[in-house]
Amino acid sequence: MASIPYKIVKRVVYVKNEKKLVYTPKISSTGVVSTKSLANQIAVESTISDNEAKRFINGFALVIREALANGFQVKLDKLGIFTPKITAKAVDSSEELTSDTITKVTVEYKMSTTVDKKLKAASFRKINLDIQHV
Amino acid sequence: MALYYYKTKKTLWVKGEKKEKYVARQRVQGTLTEDDIAEELTKALSMEAPEVLLAMDELTDQIIKAMLRGQTIKVEGLGTFTPSLKTKSSDAPEEVNADAIQRVNINFRPDVKLKRMMDDVELKYYSQFETEHI
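Here the protein sequences line up with chains G and U, keeping their order.
Each residue of the first sequence is one higher than the last, beginning at 0 in numbering that gives the first Met the number 0.
Each residue of the second sequence is one higher than the last, beginning at 0 in numbering that gives the first Met the number 0.
There's no promise every hint is true.
[To be verified] Quick list of in silico lysine-lysine cross-link-like pairs, DSSO-like style, CA-CA up to 27 angstroms:
1. 123/U / 19/G
2. 87/U / 103/G
3. 109/G / 77/G
4. 103/G / 112/U
5. 103/G / 114/U
6. 73/U / 109/G
7. 74/G / 87/U
8. 87/U / 125/G
9. 6/G / 19/G
10. 74/G / 18/U
11. 119/G / 9/G
12. 35/G / 88/G
13. 112/U / 53/G
14. 88/G / 114/U
15. 25/G / 85/U
16. 117/G / 25/G
17. 109/G / 88/G
18. 84/G / 123/U
19. 6/U / 18/U
20. 87/U / 15/G
[Said to hold, decoys possible] Here are the computed distance ranges between Cβ atoms for each label pair:
21. 95/G / 108/U: 42 to 48 angstroms
22. 93/U / 15/G: 21 to 27 angstroms
23. 2/G / 1/U: 42 to 48 angstroms
24. 2/G / 106/U: 15 to 21 angstroms
25. 122/G / 15/U: 17 to 23 angstroms
26. 43/G / 13/U: 55 to 61 angstroms
27. 113/G / 1/U: 43 to 49 angstroms
28. 118/U / 126/G: 36 to 42 angstroms
29. 93/G / 32/U: 31 to 37 angstroms
30. 93/G / 16/U: 17 to 23 angstroms
31. 118/U / 109/G: 17 to 23 angstroms
[To be verified] What the simulated footprint calls covered on chain G by chain U, stretch by stretch (three residues with Cβ under 8 angstroms from a Cβ of chain U suffice, anywhere in the stretch; the number is not a length):
32. 3 to 15
33. 21 to 28
34. 36 to 43
35. 54 to 60
36. 63 to 77
37. 96 to 110
It should be emphasised that the hints constitute simulated quantities derived from the structure, not laboratory data.
No residue lacks a Cβ here, since even glycine has one placed at the ideal position from N, Cα and C.
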C-alpha cells in the first residue's frame, strides 16, 4: 500500500515574543503527476487510446471551467466539489454594495468524504534527508 | 458567462463597537454532476457513454492514488492538487515521527485557463433574494 513520504524541517516560531526553533514533518515531494501521465494511465486502464484520453481530459476540464464560470458548482462523487467563490469588501449600506466591491473571483475545492476517509487512513514513511530550514 | 451575487448583512465588532456591514456573496446556480459531464463529453468527443464514464472514473482514481502517495497532480485546464500536512511541532528532531501528523489537507490551485475564465466573468446582482443576515 502506498504511503506518504515525509521529511523533517525546522522553523522559527515566536512564543510569547521569544524566538524558538521547532521541528515538524513536511511532505517530501516525489514529483508532479502530469496530465500526460494521467492520460497514459487512463489509456492503459480503459479501451480508449492515448490521444483519446488526452482529448477526454481537455474536454473534461473545459466542461468544468464553463460550468464554474456560469455559477454552477461541480460535484465529482469520488473526488469532491468545486465551487465558484467571490471575495468582497464589506460596506456600510446595501446601496453601496455593487459588483465593484467584489475583489476576487476564484474556485474553491472541497474534498469528498471518500478522499477524506482515505487520507485519514493514510500511512506515512520518514525520508532521512538533511533537515531543511523553512 | 455570468456569476450572480446577492447581498448579505453581517454584524461585525470593530474596536469593541457593533457594526452592521453588507457583503456580496455568490449565488450557486445549480450543480453539475458526473452524469451531466459525461453527457456533454459524449456529444463533444463522439465517444460512447460507458467509455466516458470509465475514463472519468479512472481519472479521479488516478488523482486520489497520487494524493495518497503525497504527489502533486496537475490537470491542465483545471488546476493543481497538492497535499500538505497539518502537524504538531517538537523541540528536537528525534521527537518527530508520524504521530506528529494530525491530518492531510489538499490544496487546490486553479489552472491559468480557469483563473482567466473566472477573472473575465460578468458579475450580476441577483435581486430575487431578500438581503440575508448571516
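Hints versus structure:
A distance of roughly 49 angstroms separates the Cα atoms of residue 123/U and residue 19/G; the hinted pair therefore is violated under the 27 angstroms criterion. Annotation: proposed proximity of residue 87/U to residue 103/G is violated, straight-line Cα distance about 32 angstroms (limit 27 angstroms). Annotation: proposed proximity of residue 109/G to residue 77/G holds, straight-line Cα distance about 11 angstroms (limit 27 angstroms). Between the alpha carbons of residue 103/G and residue 112/U the distance comes to roughly 16 angstroms, so the proposed pair stays at or under 27 angstroms and holds.
Proximity of residue 103/G to residue 114/U is assessed by CA-CA distance (about 10 angstroms); at most 27 angstroms being required, the pair is judged to hold. A distance of roughly 17 angstroms separates the Cα atoms of residue 73/U and residue 109/G; the hinted pair therefore holds under the 27 angstroms criterion. Annotation: proposed proximity of residue 74/G to residue 87/U is violated, straight-line Cα distance about 32 angstroms (limit 27 angstroms). Simply put, residue 87/U and residue 125/G have alpha-carbon atoms about 15 angstroms apart, close enough for the 27 angstroms limit, and the pair holds.
Of the pairs offered as hints, the one joining residue 6/G and residue 19/G holds, with about 20 angstroms between alpha carbons and a cut-off of 27 angstroms not exceeded. Distance restraint check for residue 74/G and residue 18/U: the Cα-Cα separation of roughly 37 angstroms exceeds the 27 angstroms cut-off, and the hinted pair is therefore not satisfied. Under the criterion of a C-alpha separation no larger than 27 angstroms, the hint pairing residue 119/G with residue 9/G is consistent with the structure, at around 25 angstroms. Simply put, residue 35/G and residue 88/G have alpha-carbon atoms about 40 angstroms apart, too far for the 27 angstroms limit, and the pair is violated.
Pair hint residue 112/U plus residue 53/G holds up; C-alpha atoms about 17 angstroms apart against a cutoff of 27 angstroms. With a C-alpha separation of about 20 angstroms, the suggested pairing of residue 88/G with residue 114/U holds against the 27 angstroms cut-off. For a cut-off of 27 angstroms, the pair hint linking residue 25/G to residue 85/U stands: about 9 angstroms separates their Cα positions. At roughly 19 angstroms between alpha-carbon atoms, residue 117/G and residue 25/G fall within 27 angstroms of each other, so this suggested pair holds.
At most 27 angstroms may separate the alpha-carbon atoms for a hinted pair to count; residue 109/G and residue 88/G meet this at roughly 24 angstroms. With a C-alpha separation of about 14 angstroms, the suggested pair residue 84/G and residue 123/U falls inside the 27 angstroms cut-off, and the hint holds. Taken as a hint, the residue 6/U and residue 18/U pair is honoured in the structure, with Cα atoms around 16 angstroms apart against an allowance of 27 angstroms. Among the hinted pairs, residue 87/U with residue 15/G is consistent with the structure: their alpha-carbon atoms are about 18 angstroms apart, no more than 27 angstroms.
Between residue 95/G and residue 108/U the beta carbons are some 32 angstroms apart, a value that contradicts the proposed interval 42 to 48 angstroms. Here the CB-CB span from residue 93/U to residue 15/G is close to 25 angstroms, well matched to the stated 21 to 27 angstroms. A beta carbon spacing of about 45 angstroms between residue 2/G and residue 1/U agrees with the range 42 to 48 angstroms that was offered as a hint. At about 20 angstroms, the beta-carbon gap between residue 2/G and residue 106/U stays in the expected band of 15 to 21 angstroms.
For residue 122/G and residue 15/U, the Cβ-Cβ distance of about 49 angstroms falls outside the hinted range of 17 to 23 angstroms, so the restraint is violated. Under the hint 55 to 61 angstroms, the C-beta atoms of residue 43/G and residue 13/U, about 58 angstroms apart, fit the expected range. As the Cβ distance of residue 113/G to residue 1/U is approximately 32 angstroms, the hint placing it in 43 to 49 angstroms is violated. Between residue 118/U and residue 126/G the CB atoms are about 39 angstroms apart, so this pair conforms to the stated range of 36 to 42 angstroms.
Distance hint check for residue 93/G and residue 32/U: the Cβ-Cβ separation is about 35 angstroms, which falls inside the suggested range of 31 to 37 angstroms. A beta carbon spacing of about 20 angstroms between residue 93/G and residue 16/U agrees with the range 17 to 23 angstroms that was offered as a hint. Separation of residue 118/U from residue 109/G is about 22 angstroms and conforms to the stated range, judged on CB atoms against 17 to 23 angstroms. Under the rule that three or more residues need a Cβ within less than 8 angstroms of chain U, the assignment of the stretch 3 to 15 of chain G holds, with 7 such residues.
Under the rule that three or more residues need a Cβ within less than 8 angstroms of chain U, the assignment of the stretch 21 to 28 of chain G holds, with 8 such residues. Figure legend: the stretch 36 to 43 of chain G, annotated as covered by chain U; annotation consistent (3 residues with Cβ-Cβ distances under 8 angstroms, at least 3 required). Restraint check on the stretch 54 to 60 of chain G versus chain U: 7 residues with Cβ-Cβ distances below 8 angstroms, three needed, restraint holds. Only residues whose C-beta sits within less than 8 angstroms of a C-beta in chain U count toward coverage, and the stretch 63 to 77 of chain G has 15 of them, enough to reach three; the restraint holds.
Only residues whose C-beta sits within less than 8 angstroms of a C-beta in chain U count toward coverage, and the stretch 96 to 110 of chain G has 11 of them, enough to reach three; the restraint holds.
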